[in-house]
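J.: Produce the entire structure from the sequences given, and follow the hints as far as they go.
Chain residues, written in single-letter form:
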Amino acid sequence: MPQIPFCDGCGNIQDLPDGLTYFNLFGLTQTLKLDEEALRDHYYELSRKLHPDRYATAVHPIPSYAAKWTTFLNRAYQTLLGRVPRSRYVLELTGHTQDDKAPQVPTELAEQYFDLQELLMESKEVEPILLFREDLLERLQANELEWELLADRWTKEPKESLAASLQENLIKGRYLKSMIADLGKKIGTPYADSGN
Amino acid sequence: MPIVGIDLGTTNSLVGTIEKGRPRLFVGENDSALVPSVAAYEDGSSEPLVGSTAKAAQKANPDHAVYSVKRFMGLGKKDLPAHLADMPLDLSPSDDSMIRFQVGDRVVTPLEISAHILKKLKTLAETQMGEAITGAVITVPAYFNDAQRQATKKAGELAGLQVMRILNEPTAACLAYGLDKKAAGTIAVYDLGGGTFDISILRVKDGVFEVLATAGDTVLGGDDFDHAVVTALLPELGKTLSTEWLASAEGKFGALAAAEKLKTDLTAAESAQYQVSDGKGTFEVTVSRAQWEQWTAPVLERTRAICNQCLADAKLTTKQVSDVLLVGGSTLSPIVKKFVGELFGKAPLSSMDPQMIVAAGACVQANVLSGGNTDVLLLDVLPLSLGIETVGGICSKILHRNTTVPTNASEMFTTSIDGQTSVRIHVLQGERELVPDNRSLATFDLKGLPPLPAGVPKIEVEFTVDVNGILSVRALELRTGTHTSVTVNPTYGLNDAEVERMLQDSFELAEADFEARFLIEARNEADALVRATLKSLKAGRSLLSEEEAADIAVALRRTESALLTQDRHEIRKAVDNLNGATQELAERLLNSVVQGALQGKALEELKPQGV
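Residue numbers (the working numbering), protein chains in the order written: chain A, 1 to 196; chain B, 1 to 611.
Cross-link-like lysine-lysine pairs, in silico, BS3-like; alpha carbons within 30 Å at most:
1) A/Lys68 <-> B/Lys447
2) B/Lys346 <-> B/Lys182
3) B/Lys315 <-> A/Lys186
4) B/Lys397 <-> A/Lys186
5) A/Lys68 <-> A/Lys49
6) A/Lys33 <-> B/Lys319
7) A/Lys68 <-> B/Lys397
8) A/Lys177 <-> B/Lys315
9) B/Lys182 <-> B/Lys315
10) A/Lys68 <-> B/Lys154
11) A/Lys186 <-> B/Lys573
12) B/Lys315 <-> A/Lys185
13) B/Lys573 <-> B/Lys535
14) B/Lys319 <-> B/Lys205
15) B/Lys280 <-> B/Lys252
16) A/Lys33 <-> A/Lys177
17) A/Lys49 <-> B/Lys182
18) A/Lys68 <-> B/Lys458
19) A/Lys177 <-> B/Lys319
20) B/Lys346 <-> A/Lys185
21) A/Lys33 <-> B/Lys315
22) B/Lys182 <-> B/Lys319
23) B/Lys153 <-> A/Lys49
24) B/Lys181 <-> B/Lys337
25) A/Lys185 <-> B/Lys397
26) B/Lys315 <-> A/Lys49
27) B/Lys397 <-> A/Lys177
28) B/Lys205 <-> A/Lys33
29) A/Lys33 <-> B/Lys397
30) A/Lys49 <-> B/Lys181
31) B/Lys315 <-> A/Lys68
32) B/Lys573 <-> A/Lys177
33) B/Lys252 <-> B/Lys59
34) B/Lys573 <-> A/Lys185
35) A/Lys185 <-> B/Lys319
36) B/Lys205 <-> A/Lys68
37) B/Lys20 <-> A/Lys49
38) B/Lys153 <-> A/Lys68
39) B/Lys20 <-> B/Lys119
40) B/Lys573 <-> A/Lys124
In case anyone wonders, no lab produced these hints; they're calculated from the structure.
T.: Next comes the structure, spelled out in structure tokens:
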């Protein structure tokens with residue numbers, strides 16, 4: 001851990017410094033792929049040191065420092081744990097952020113998207129929805145595979161050329177998941193998103 | 001400073017501490033650690049009897065006793081669930097919306113009664129420890145919302161306790177179990193109490209207890225078994241007993257008490273007697289366990305959907321759950337054990353008394369907070385999403401349920417009207433798409449915005465939830481630095497248990513929500529496009545031929561009339577049509593140096609940023 005939040009002299013927890021990234025909180029280099037099990041262990045270890053429960057009877061401002069650190073730690077952990085939020089965060093850190101809150105439907109998916117709306121509105125039968133969902137799940141699998149390849153290339157190739165592809169991959173994945181979820185609602189099959 | 005652990009239950013409450021590293025629960029007057037959550041007022045005395053003496057007094061004089069108040073904590077009159085409205089308690093008339101009970105000749109609130117119970121527990125602990133108690137960890141159902149938690153905290157303060165932590169019951173149970181058994185892995189806690197249901201899934205490793213997801217229903221519990229039994233028997237009861245008596249407080253109490261006894265008897269026996277008397281006649285029937293199970297099955301079915309939701313939130317299947325822990329008195333029924341075993345595909349654990357385990361966990365957490373135990377750490381979550389109202393009555397979530405606390409998050413929003421100088425911020429809690437379906441926590445105004453075109457101001461709304469689950473909200477206009485903040489402090493009267501019921505309903509209603517949301521979105525889009533088109537026409541009329549202008553006018557009128565309908569398909573079609581008709585104009589406007597391009601504006605005005 002590069003930034004030690006404890007005072008050398010008194011051993012007390014210090015205030016949260018500015019400019020700390022989620023990666024350097026965990027002593028990690030910026031990366032798209034990481035060992036999630038190791039991250040979890042590290043999160044538990046840091047929580048043990050920083051959690052406000054450890055400072056419940058301490059004097060002001062120690063408990064508020066602990067709360068600030070833990071809030072940051074929780075966000076860092078939740079962001080880095082999932083493939084998708086982690087990828088978004090890496091894009092943001094490398095200056096490739098763009099407002100993808102309400103992105104256009106990816107051209108590749110436009111047709112499916114409109115078919116889906118039609119299907120949701122018109123279809124009274126389960127069969128066509130199941131088939132459609134099957135197709136989307138396959139596309140999602142391909143999308144995840146593409147992410148794997150991009151993540152491997154990310155460490156070796158210039159990020160400039162990859163950032164746009166990664167962005168597109170994420171948006172496509174997001175649309176696929178939300179379409180699958182919409183279909184799931186229709187037929188009562190909740191979709192658990194494992195990548196986020 | 002000794003800190004005690006308290007389980008403030010619907011039916012029974014417990015208090016304890018850690019002695020030699022183990023939880024020790026204090027025994028009350030009835031030689032049991034279970035202190036009945038009942039208060040009874042005797043004529044002429046100002047302080048109520050609490051606990052087993054009150055329960056005894058209740059039998060003799062039901063009108064003078066109050067029980068199950070936990071079901072009413074933090075609720076307003078309008079939040080009163082229908083099946084609680086016929087509790088054998090008088091809802092006395094009063095001007096405010098707070099729930100009050102008429103007990104004998106006095107009027108009391110659920111908060112006061114809870115404070116009396118807590119005071120009783122405090123005295124019990126002090127007598128046996130021989131020293132003054134100042135601090136307490138008090139447990140609540142994981143699914144309690146902000147107002148219910150705050151009401152509980154307030155009751156603790158009224159009882160003279162510093163509430164060190166409001167702790168979630170299933171988490172507490174898991175803590176007690178995990179510590180005892182040195183457990184590791186993924187543990188599901190199925191907690192069916194007298195009046196509430198919770199399911200929590202935790203990952204336990206090396207003393208860290210991380211809650212992955214939680215779900216529940218704050219108005220579903222073992223009492224519902226008794227209500228189901230009475231409802232099923234009512235036609236028969238009416239044949240033998242006086243209907244007048246059955247409708248009285250005494251009669252309702254008698255019928256329910258008999259159902260409770262039947263439930264307890266059926267725990268060990270295959271069949272038992274249901275017996276109730278109105279003083280003149282006696283109704284008696286033999287009920288088999290199978291019959292009882294059939295009557296109460298719908299109550300259990302309601303927990304199934306909630307468990308499935310929780311598993312999906314934790315991104316787990318039942319196979320990945322290593323252990324299932326049963327908590328709450330209602331899980332003593334064999335049918336509950338069987339049901340849970342089938343649901344999770346493994347025999348549930350019940351090595352610790354499901355009625356004691358929550359209190360034991362509260363003691364463990366009290367010990368952690370006082371520094372006596374540094375091996376254990378709890379990481380708990382926010383049970384219900386938090387958000388704000390945005391254009392068209394949509395609830396835009398800022399913090400999602402099952403986020404580990406403490407946490408914070410912020411979102412950027414903007415104005416929707418030119419020259420708007422204030423924004424109303426409406427804070428909501430719940431999972432549904434539309435504002436009225438969620439619980440309203442607070443409303444405040446961010447004033448003094450510079451008068452700018454719609455979409456230009458940048459308003460940052462930040463939510464912070466502390467380790468106790470208490471929310472505070474801050475809003476900031478980034479261009480001018482105008483800011484305002486509130487600590488959300490819901491009035492108890494405004495609370496709604498509806499939220500919980502609604503979240504539960506959200507599966508069934510998802511489809512209707514979906515329709516309503518689509519309609520609102522289509523309307524917003526159409527509305528924004530109409531306004532943007534009018535604006536562009538003003539700026540770029542000279543760039544159009546007569547024919548083109550006429551086409552746009554037709555498309556515009558079609559959209560405007562579509563907006564008058566509820567037909568979102570027609571609205572969509574009209575929007576597409578208008579988009580097509582104005583495309584050329586937009587391009588020309590862009591090309592000509594005229595600013596405020598059609599498409600950009602349309603998007604900006606469509607909805608707040610960040611939605």
